[in-house]
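Starting from the two chains in their separate frames, assemble the complex, guided by the hints.
So the sequence lines, in the order shown, correspond to chains Z and A.
Residues 0 to 121 in numbering that gives the first Met the number 0 are what the first sequence lists, from first letter to last.
Residues 0 to 231 in numbering that gives the first Met the number 0 are what the second sequence lists, from first letter to last.
It is worth saying that the hints were derived from the structure and are not from the lab.
Virtual Cβ for every residue (Gly too), placed ideally from N, Cα, C.
Fair warning: there could be bad hints in the mix.
Which residues of chain A face chain Z? A partial, calculated answer using Cβ under 7 Å [stated by the list, open to error]:
1. Thr28
2. Leu34
3. Thr36
4. Gly118
5. Glu119
6. Asn214
7. Ile223
8. Asn225
To list a few chain Z residues with every Cβ distance to chain A over 12 Å, as calculated [stated by the list, open to error]:
9. Thr21
10. Ile24
11. Arg25
12. Asp27
13. Leu56
14. Asn59
15. Arg89
16. Lys91
17. His92
18. Glu93
19. Gln94
20. Gln95
21. Asp96
22. Gln100
23. Arg102
Taking lysine-lysine pairs in the BS3-like style, the calculated list, with each CA pair at most 25 Å apart, reads [said to hold, decoys possible]:
24. A:Lys178 to A:Lys190
25. Z:Lys69 to A:Lys128
26. A:Lys124 to Z:Lys69
27. A:Lys150 to A:Lys91
28. A:Lys143 to Z:Lys69
29. A:Lys124 to Z:Lys81
30. A:Lys124 to Z:Lys86
31. A:Lys136 to Z:Lys84
32. Z:Lys84 to A:Lys124
33. A:Lys11 to A:Lys21
34. A:Lys183 to A:Lys194
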Amino acid sequence: MMSFDDAYVIMRRLANTAYYQTLFIREDLRVFENDTNLSDIQVIFLSLLGFYHTLNLDNNSGEVDDIVFKDIVYEDAYMHWKTYKNKKDRRKHEQQDASNQHRPMGLQKDKVTSKNSQWIFK
Amino acid sequence: MEEEKKLEKEIKKSDIEDIKEKMTQALNTGLVENLLTDNKVEFDYKDNTYKVSKLIYKDRQELQRKRAAKHLELLQDDSYVPEQQIIELYLKKGFDIKELDRQFTSLQQQIDRTKLTLGEAIQNKHSEKELETLRDKIVSLQGKQSDFSIKKTNYLANSLESQLNIWAYEYLVYLMSLKLIKGKDLGEENKEEDKWVKIASNFEEFCQLEEDLINLLAVRASLISNPNSYLL
Chain Z
0 MMSFDDAYVI MRRLANTAYY QTLFIREDLR VFENDTNLSD IQVIFLSLLG
50 FYHTLNLDNN SGEVDDIVFK DIVYEDAYMH WKTYKNKKDR RKHEQQDASN
100 QHRPMGLQKD KVTSKNSQWI FK
Chain A
0 MEEEKKLEKE IKKSDIEDIK EKMTQALNTG LVENLLTDNK VEFDYKDNTY
50 KVSKLIYKDR QELQRKRAAK HLELLQDDSY VPEQQIIELY LKKGFDIKEL
100 DRQFTSLQQQ IDRTKLTLGE AIQNKHSEKE LETLRDKIVS LQGKQSDFSI
150 KKTNYLANSL ESQLNIWAYE YLVYLMSLKL IKGKDLGEEN KEEDKWVKIA
200 SNFEEFCQLE EDLINLLAVR ASLISNPNSY LL
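With the rest of the complex left out, here is chain A (with noise of 0.2 Å):
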């Protein structure tokens, strides 16, 4: 009887957590129509309304700048060490990084290579045995590759310019946001028209912004807007 109970509340555990898994997956699909619609998106946080958009050119320039300005900052600064120091001194004590960068290489050789006789074997028909080991064998060399990725970021993850790398993506972030200013109500029907601002004067001001807030504009930012594509 107490088994039996005992089994009931782990059933409902697991549906709820079920449950909880497809309304992130919902929301996280609304989310990914609703970037896709436009290369901007709305929302609402705490009675506010927020926009994320993509750069215009003034504000790509802006970036540009004020990286180049915060990398030179940086280079003065002695507490901060490039990537390449960190290299050395990782080899100093007997760890190469760069072995690491080999690895990644050849696990996407292995992995290209699998998929080749895979995709073959698709079109040839074979068994789906045969199919799904196949697959197996790839997932887990991507496994691998993912692995060494994230032990090389955590490696320089302190270095000059992973540091710098951060504080342009928040800077990135900080130009894509606006919120919304509502327009006075003048009464009779007369309102005045609603303005999109800028999140914060500056930058250091959207840096005292509530976490969760920063977060919901990191999320859009970064997929409108592939980091990447502006970092070193």
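Chain Z with its partners taken away, still in its complex shape (with noise of 0.2 Å):
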């Protein structure tokens, strides 16, 4: 009898394919035939879809070798370690973003400003 752990193996493959991955970038084309009501096993689907369309994104740009793919512990890790960063990065910028707030324009951390402009007066 297959259990849950064996059909999500399944699914994780099958989420990777190139059939399934032009499906969930295609807005023209549909993953299920029920659109609303979806399914356990359906809802899961997607965020498998999400995971390897982002992989991939990652892998085609240049950022991920293809090693990544070895090993579906790989795949997570990675993944893990992506998010952790993001979030990272984002408390990072919004922590300046903070203390930007207090300091005058110009002596503002990591803000790109242009060049005012000058009125010449004749």
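Given below as structure tokens:
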């Protein structure tokens, strides 16, 4: 009898196929026959499609090598680290923004300030 | 010569196992793909067609109502012991079940930390050997975590809550299962319409169905509707 874990491994494999990734990206194609009232397996599959979409984008842009696809533990670990890093970066920016609010414009860190135009009076 | 024959026999045996494994995988993949297509799935079993479909609101309400009634029934029955009492009984015998939870959480923290290290190592193109060592560590921690989870489930298997969850899960399968009644052939290309009806007229009748059929229904039902969302 197939367990949920067995089904999950199969879903992961299917989610990263060109067929399902294409269905996921193309707005004119449907992944499922039903558009609403999704079953639990369908909800899980949608999140897996998103997971592999992000992973493939990173791979295609050269952010991560093909080795990430060697093992599902690698895939999970990379995405776990990426999420953690994104959160950390966002928090850092938020803190910078908060401290910048109390500084004069010219002294603000990490802010690109354009050179003011000058009026020329003749 | 004899050894060669023995080896040949062993190879054939392993080939058969391999083919069996591949066939099971193909069948399971087919089933998963079938289940992904829609929020319902049909299958044939011994000349009959069955369907398992996601519960509608009315059925979900029925399940909640029946589960609540069953909960009260089990509470009034002295042969069922609540989980908390079992935990206390084990503690008196010198075994702390809650310690399993603490160890489980601690393992999860270790897994998360190792995943971060591995993720960063993948991004920074560390050697394959280093990546494999980290992966093996994660797999080993997950294995230990799974052992704790199984142990806890076994210790609490006879608790009132576990028994109620098993009952609710079976009731869920019953509510999700339908059988096709084929319309009679009226002759001259006329035929009565096919009709989907409940698989059994009541839960007791459902429990009398063949175990193989119930298993086929249960696998499909548990993937369409995660039983955990209906449990305590």
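Original post:
Checked against the structure, which of the hints given earlier come out wrong?
Top reply: When the structure is compared with the hints, none of them turns out to be violated.
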